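Enquirer: Here is how the chains run, residue by residue.
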Amino acid sequence: MAAAAAALRGRRFKWSLDLGAAPGARPRGAAESRGPLGFAERQLGEGGVHESDKILMEKRCWDVALAPLKQIPMNLFIMYMAGNTISIFPAMMVCMMGWRPLQALMSLSATLKALESSSRRALQALVFLVGNGLGLALALYKCQAMGLLPTRPSDWLAFVTPPQRMEFTGGGLIL
Amino acid sequence: MAAGPRTPLPLLLPLLLVLLPLAAAVYEDQVGKFDWRQQYVGKLKFASLEASQGSKKLVVATEENVVAALNSRSGEILWRHVDKGTPEGAVDAMLIHGQDAITVSSAGRILRSWETNIGGLNWETSLDTGSFQGAALVGLPEAVKYVAVLKKAALSLHYLSNGHQKWVEHLPESESTQYELLYSRGTGVIHVVGIVPQSHLNVLTFNVEDGEITRQVRVAAPWLGELQGSCAVVGEAVLVCVDAPERSLHLCALDTEQDMRHIPLQSMELEFADDFQARILATQPSVTSASRTQFFLQLSPSHFSLLQYKQGLLSHLRDFQQAALVSFATTGEKTVAAVLTCRNELKPGSSDGLHAGSTLEDARRQDSLICSNQTYNINLYLVETGQRLLDTTITFSLEQGGAKPQQLYIQVFLKKDDSVGYRALVQTEDHMLMFLQQPGKVVWSREESLAEVVSLEMVDLPLTGAQAELEGEFGKKADGLLGMFLKRLSSQLILLQAWTAHLWKMFYDARKPRSQIKNEINIDNLARDEFNLQKMMVMVTASGKLFGIESSSGTILWKQYLRNVRPGSSFKLMVQRTTAHFPHPPQCTLLVKDKETKMSFLYVFNPIFGKRSQVAPPVLKRPILQTLLLPIMDQDYAKVLLLIDDEYKVTPFPATKNVLRQLEEIAHSIYFYLVDAEQGKLSGFRLKKDLSTEEIWEVAIPTEVQRIVAVKGKRSNEHVHSQGRVMGDRSVLYKSLNPNLLAVVTESTDTHHERTFIGIYLMDGVTGRIIHSSVQKKAKGPVHMVHSENWVVYQYWNTKARRNEFTVLELYEGTEQYNATAFSSLDRPILPQVLQQSYIFPSAISAMEATITERGITSRHLLIGLPSGAILSLPKALLDPRRPEIPTEQSREENLIPYSPDVQIHAERFINYNQTIFRMRGIYTAPSGLESTCLVVAYGLDIFQTRVCPSKQFDVLKDDYDYVLISSVLFGLVFATMITKRLAQPSLDPSPPGGWSQTPLFHLAGRYL
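Heads up: the sequence lines are chains A and B, in that order.
Residue numbering for the first sequence follows the UniProt record's numbering, beginning at 1 and increasing consecutively.
Residue numbering for the second sequence follows the UniProt record's numbering, beginning at 1 and increasing consecutively.
Only chain B is shown next, with the shape it has when bound in the complex:
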């Protein structure tokens, strides 16, 4: 008999799905159909706006180590260069000279010159080691030829044309002196100012030509603590320093003087604010000429003074109260000062609803002056006189309760009538960039905080009114037969109405050219689509700004800035109520924990509209260690959130009587596990009826040897359709689906390549029992891990073989299930069987996640973010520890692929084709309403959204399905049947033409014979 798979019918369907080609690239016409990408640059560090009206670009360098040019008309990225994400790639300085941008990056190690029109690299040189202090362009009277880089102990001069070093000079007394200031004004000398805090300044003068120190002066300045901020160079190389406690200025001409002149400011009636480090802001329009003699003196967070020091005389030009930001800008001969002021009065912001933790507020009181209605003015003032220029006001408003402006860049140009026109680039605290034009038009804005997404959830969109009506009908209890009937009729009528409106719109749109049809999505017409493919992405960014982004188009529908979030806080976003419980609004809860103060607060909001919820979250007095979202609900269908604090007490939210009663009932089955990576301790707690906890287990992992780097449980919304795997002999290998299983990864503290190792522990989160532990010798992190169903996949660097490797662990119960009806971690006498296999992967990875679908029938793929920016969709079937080394008949029947150690990267498996995602930090997957389809969001510096169908779209007709052909064939066949039926009908006429009938003929024949 022929050997072949003897597969029972119920298995046929999934088998067929497996047999389908596993992945396919998109077709050309599908590009951008289901996916979108948004590119960001991050928070600005340096920006340069060209001083001409027709200029089209602005060059920026950002905190995300990006050098980019933005189109000043549209805000789009013209070009972008992304350096390493580590501090090594940080841009320390950016200087603009003509069409070139010179950047110093990687802590002063690399000097680069970029061509700003196309973003090409002109040249790159590496510099000597030494901590970077400053960089400046150095001009001779006729031209700017050099760039000077100041390091802790050396000053080097490089040619602008090719980056070659002209000379490098060591700085005297560099151990004690911090050299911070670099100044030249086209006179052939470079001044370097260093400081010995609370003692004196060291002023060095170098000759540009040969680097010889022509002058070295020690200026006593015992009152001066730091150079940056409190000192600046004005006019003909005059160093101005502010001494706030003395309320005076100190001046010293760098070329000639040996001492600082002391000028008290009392006579000018300038009031210094207490506890504020006064600052000086000066400007040098061109490196070949002297600085402006005017400068700003910042006396308090909102009080600036424009002063002038000319020919030994200090004069006060203008006072700016209520100013938030000031900036200088120059075009041609004109230098102006731009001042951003609040239109109303600045108030200490407190009664604003977004503040939850009172302790956080105290810490921020100092700079929490808030412009009451968030409307700001920008005005230009002529620096020479301090006069306001007429018609130069830009008025703009920021969102209520939003962020303050943080940085101001001005692009000034002379109009045809010689008046001054300008545009302004404003960056707010929440990393939003706004480009403003007179008289207050926002040309474009960019949400740069989206470059740092830290947490993400996808929420179903609400039903439309009509759908909700229908749903509501089923939800309510019956009020009489007739009433129900009438209600049904009315809801059907509404549906009909909606349908006709839809048809009408389709008809109306069909007549318009395709380019004009814009299905604009806004917050009013948000509705769930048929297959629930369109969702609301709730994104939490590191700056504390929340976004609601519509997933099919990437439109930002709402944003909300949490003002009291400090950088470096940790976030945890949870969906407490989905949109399924109409008329209750959906509800998301964000837990924010400050890293320094350890205090946390909850922010509860509606994820669809972004509005803060009416529900009052509990005030958290103690630092929260972890949270647990229970599947039990209160009477309003909100899932119960338990917060465990540092005294191991539990706070439930919502805390209604109903919830407390339910909690009391099930308290014995609620467990917490807390992992303290610093102390190398894992501990488990059980909830008691009075909402306190008791510790029931503890596992110590000695921190001297290894440290915990990752802990992963399973996703709570994951469905596993099949409880086991069918073997070749048609028996079942049951999966060990322990919902409480944790995968803990440790890395050795010893990083020597011979001794380094990683450890993996599979633990039960309830009992603390270690189900499996293994140590991978000669392996190094960073470890990326996915934990799902009954398997764990992790990736690491093999230091011996010098390659990236994947290891997959799968857990099986065996051919018998211990308890098929209930799973309890407390009753598991048999340890699961653990199967393991490793593979070679040709690339490092930056993020990894598994696809997830509604019912878990579709085969799983691993989505692997590569450092190149591609996302590889790798079938899980390739990472299967049951892959046999020698294929047998049974393994063939199981469709197991024979083991081969290398997993290859096929470019057609990239789900993002050429839409690379820089510095991918995470991939988020969410199920859609279609079993075949999984929604994917990859985030990093860029955000990319798409859909994947791991088993192809088995439940939807393809886009190119030939409806016309099929329907015409069908109709044709129907007609053909009708016609042939008619033809085949026996004629009603009794005798055929000619009068032949059978009997006479038969008779005739008989007679003849």
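Chain A extracted, bound-state conformation:
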């Protein structure tokens, strides 16, 4: 921004109309007036700002870490609403419920990077993991409740091969 302003400053206009300047105000070229709204030339104080920033950072990291856990009540509600019938919307919801934690776990390294600045990184990472794990478990439970998990012998029935025949028999009414 500053570089752009400098570049502009260096530029020679053939003519220019300054609508911002009130009549009788400071003559053009005064550096103070050239910043955008809220722009301060003067640097802000170091210490206090740094402190609050850190707290904010910490807060933010906790937010990231706790996000999956905060999702769970919502998921529970959705699960309840969706019911156990297999139709397109419940199926999509279950998919999403399962997919989101998975996605989060897959991009775990990126999340950890975001948490790098925090002092209680390990705990936050753990909470994040646990939250996602819970989300996943919830999705699995929902799948189980909907009967989508092949956990019973009936699910593997199609793959049961017919038993081999040990005896051959034939005959019938005498011709």
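What the hints contain is simulated information worked out from the structure, not anything from laboratory work.
These figures come from a predicted structure and were not determined experimentally.
There may be inaccurate statements among the hints.
Said to hold, decoys possible - No farther apart than 25 Å at their CA atoms in a straight line, the calculated lysine to any residue pairs in the SDA-like style are these:
#, chain 1, residue 1, chain 2, residue 2
1, B, LYS512, B, ALA527
2, B, LYS33, B, ASN914
3, B, LYS735, A, ILE174
4, B, LYS56, B, ALA527
5, B, LYS780, A, ILE174
6, B, LYS712, A, LEU112
7, B, LYS621, A, ILE174
8, B, LYS639, A, GLU167
9, B, LYS598, A, MET166
10, B, LYS714, A, ILE174
11, B, LYS681, A, GLU167
12, B, LYS681, A, ILE174
Stated by the list, open to error - Quick list of the computed label-pair ranges, beta carbon to beta carbon:
#, chain 1, residue 1, chain 2, residue 2, range
13, A, ALA158, B, HIS753, 24 to 34 Å
14, B, SER968, A, GLU58, 34 to 44 Å
15, B, ASP750, A, PHE159, 45 to 55 Å
16, A, MET166, B, GLN492, 27 to 37 Å
17, A, ILE72, B, LYS958, 40 to 50 Å
18, A, GLU58, B, THR977, 45 to 55 Å
19, B, ALA501, A, MET166, 44 to 54 Å
20, A, PHE159, B, SER968, 33 to 43 Å
No residue lacks a Cβ here, since even glycine has one placed at the ideal position from N, Cα and C.
Please build the complex by placing chain B on the supplied structure of chain A, with the hints as guidance.
Expert: Here is chain B on its own, set in the frame of chain A:
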């Protein structure tokens, strides 16, 4: 939480299939697309050809109890009336009078008159009981007004116009005398001749007007044994009888004489054949006038003489040697004799390849004179003189090794130049009808033996040359990388060639009008289609004729007559090698067993081309009781057939060393079961290493109480995809799939409606163990049964409730499988659970079969042939013993239909819409290459072929699938994506028109503020 089916994913697909609407009728435009029907009438008993050139029909009555009219130009059925299939419906006599056909049927109980143009019934009357002897039209000098019916003890006269009885008269001495001959010639009297064998003849003369016996004469004839055949009436009511041992004729005028005149035939140099009952054949052109004075005397099977008895004088007109058949025909004033002769000499047929059993031949030697090249001539002779009429020869040939002509009917007409023209209807031994025209053109032919199909198999068609080439490539062992590569290239090239030829043909056909395109199927262009929907139907008929019929069109591609098959033989057809083993030809084996001599022989043939196989079948010295087709193969991929004879010895076929070695290895696991219905005995045998057997079990069912009517095992080619059923709580109920299970049905000998019962026994064919037995009280046969997978469905008549009922039995192992890897009947400690349910069916049934598919994934339907001629496709799910009376949540999840006792017949479930099949005897089902589709052939008097898709066509796009719409949408979307992609691309131009860019604007705004 909402209650709903919690079904796991692997189950979803079959579930969806079940949920699809279960059956649907065909659409109008699908009629005749996949199905065809062929109608038959059966072997002719009586036929009448109108004596005019322009006549279009011939009226026939057949052994199958059918009265029909055939179009004489095309051989099509104009109309057809099918009576009961039992002897009750038998047509005993047919008389033609003008446009009416009068038939006597049901052992002389019913007299009917048919209008022959449209086949309507003019009238019908029932006659008194008494065994039928004969019927004749009775004419007064001016008109034919009555029909006379001769019974064992009475003669009745009926009006032709309405069937009312004019009079009925008892015949004197009817206990001792057999009245057989009925004769009138428009003189107002009816002559009835009866015989007391080896004693005398009784000649009665009735007055037509009041039925009074005007004359009764006893004529001594101690030499005469029977009337039919050896006596006939010629001229002015002169009875002629032949006395073969004496080599003489006896004559007696029925009006006047009291004794028989004896005329020796030695002077005429007529030689009688030994052991042949000489016969006389006379003709009466019109019932209002006298018979012809000329008659045929048959002296030996192939020797006929034309004789004349006129004014007391017997003269010999002509001799016919080598004649096979003779017949008279009349048009106007002219009466001709038609003689069918063999063009070459008749020879006793023996060295012909179709004979297998030598004992059978001996029995048939007497009438096994065979025309050597199967070429026959028909000639006409003027009866008055015996002169041959010029230009009246019809020459025709029958298939080599085929059947002899058996019946000859002649239709004579006068041409414009007053010469005689004629057509001939010839029926051969194999029930083929040929309609011939001068000078030897076959106008049409009908294969009437197909009205009696007894056994049927469907065989895959062979691959095309190109496909076979590819298959062959995989079959052979590698001969070098380069060689394989070159072979692959060459076969691909052949495929490309075939494909371009196909494309070219399509293009070529597309330009022709649709009606001209005929995809004629002949034996040369036979090839398997993509989905193996087209197959070869090998049909065995009761006459001993085999047919190869192409299943998609019903074209007969080959036929083969087995001459040494006697009527009433039993057949068993087996496919030993399918077409899958190129280059080995497919091989079918037919076991024929004669009912009387008990001797059997094997006929081995190629089911695709109908040719007799080069493989020599074993000569069977002993009567064969049963067969067993093993899944083991010899080195030529032919399945091994075991034949068990009456000494319980086993003959394998083929019997190569390889096979014998394999047999020795697995002999301990081969078992036979034999069911002797007469003695009520079921017995099981085990094969020993030396190919003898030992009896290991026997079950006796006392014949005084019940008799065995049906035994059914499972089909060997049946696949069961699912080993169990998923219950509502997602556990598995395993099916009890015992491949050795037999269902035995018995009927009680006591047929009183209070005490009658049927019994059903489920037995293990290996151990003889009775797994389940039940007795259904107050039930009566005939029982129809289907046994498949783990269920048995049978149908019977409930005498108490007076209705037809179905009972279904299902066998389950429970929630645990005893042994999931191998099934042995010898190791089954736990008896299966048997579930049972019964239903009311609103109709009797005539045949029943279950659909079968390649992998057994498709849900099963029962195909039920109804007496009305319809085939009902009934989902097996409706006959399910687990149908709950009170539906629960679990049963709903299983998709079980709540139990309701009645099974309804919905007309939209008829797979043959209005193509009714008369007197259905069986339904045959075969899997096709498509899992969804099952091929069905129903046979009886008619043959009907179609396809059924019990779970709808889930694996094929529909015919009316909108390819255009789908492809245009697809292309449209692709284009739309391309265009929008192009539009969405960021412009390469650095600044938009006007030179606005973000930074100056932002800057500008900032400055402004």
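Enquirer: Each hint should be assessed against the structure and marked as holding or not.
Expert: Each hint tested on the structure:
Distance check on the hinted pair: LYS512 (chain B) and ALA527 (chain B) sit about 24 Å apart at the alpha-carbon level, within 25 Å; holds. Distance restraint check for LYS33 (chain B) and ASN914 (chain B): the Cα-Cα separation of roughly 14 Å lies within the 25 Å cut-off, and the hinted pair is therefore satisfied. Annotation: proposed proximity of LYS735 (chain B) to ILE174 (chain A) is violated, straight-line Cα distance about 30 Å (limit 25 Å). At roughly 39 Å between alpha-carbon atoms, LYS56 (chain B) and ALA527 (chain B) are farther apart than 25 Å, so this suggested pair is violated.
Simply put, LYS780 (chain B) and ILE174 (chain A) have alpha-carbon atoms about 24 Å apart, close enough for the 25 Å limit, and the pair holds. Between LYS712 (chain B) and LEU112 (chain A), the direct Cα distance comes to roughly 72 Å. Violation of the 25 Å bound is thereby established for this hinted pair. Taking the CA atoms of LYS621 (chain B) and ILE174 (chain A), the gap is about 17 Å. The hint holds against a cut of 25 Å. Straight-line distance between C-alpha atoms of LYS639 (chain B) and GLU167 (chain A) comes to about 16 Å, which keeps the hinted pair within the 25 Å bound.
The straight-line distance between the Cα atoms of LYS598 (chain B) and MET166 (chain A) is roughly 33 Å, outside the 25 Å bound, and the hint therefore fails. For a cut-off of 25 Å, the pair hint linking LYS714 (chain B) to ILE174 (chain A) stands: about 17 Å separates their Cα positions. Taking the CA atoms of LYS681 (chain B) and GLU167 (chain A), the gap is near 22 Å; set against the 25 Å cutoff, the hint holds. For a cut-off of 25 Å, the pair hint linking LYS681 (chain B) to ILE174 (chain A) stands: about 11 Å separates their Cα positions.
Our hint of 24 to 34 Å for ALA158 (chain A) and HIS753 (chain B) is violated, since their Cβ atoms are close to 48 Å apart. One distance hint, 34 to 44 Å for the beta-carbon pair SER968 (chain B) and GLU58 (chain A), is violated here, with the actual separation near 60 Å. Checking the proposed 45 to 55 Å range against ASP750 (chain B) and PHE159 (chain A) shows it holds: the Cβ atoms sit about 52 Å from each other. The beta-carbon spacing between MET166 (chain A) and GLN492 (chain B), approximately 44 Å, falls outside the hinted interval of 27 to 37 Å.
As the Cβ distance of ILE72 (chain A) to LYS958 (chain B) is approximately 47 Å, the hint placing it in 40 to 50 Å holds. Between GLU58 (chain A) and THR977 (chain B) the Cβ separation comes to about 47 Å, which falls inside the hinted range of 45 to 55 Å. Here the CB-CB span from ALA501 (chain B) to MET166 (chain A) is close to 50 Å, well matched to the stated 44 to 54 Å. At roughly 41 Å, the beta carbons of PHE159 (chain A) and SER968 (chain B) sit within the given window of 33 to 43 Å.
Checked against the numbered hints given earlier, the structure breaks hints 3, 4, 6, 9, 13, 14, 16 and satisfies all the rest.
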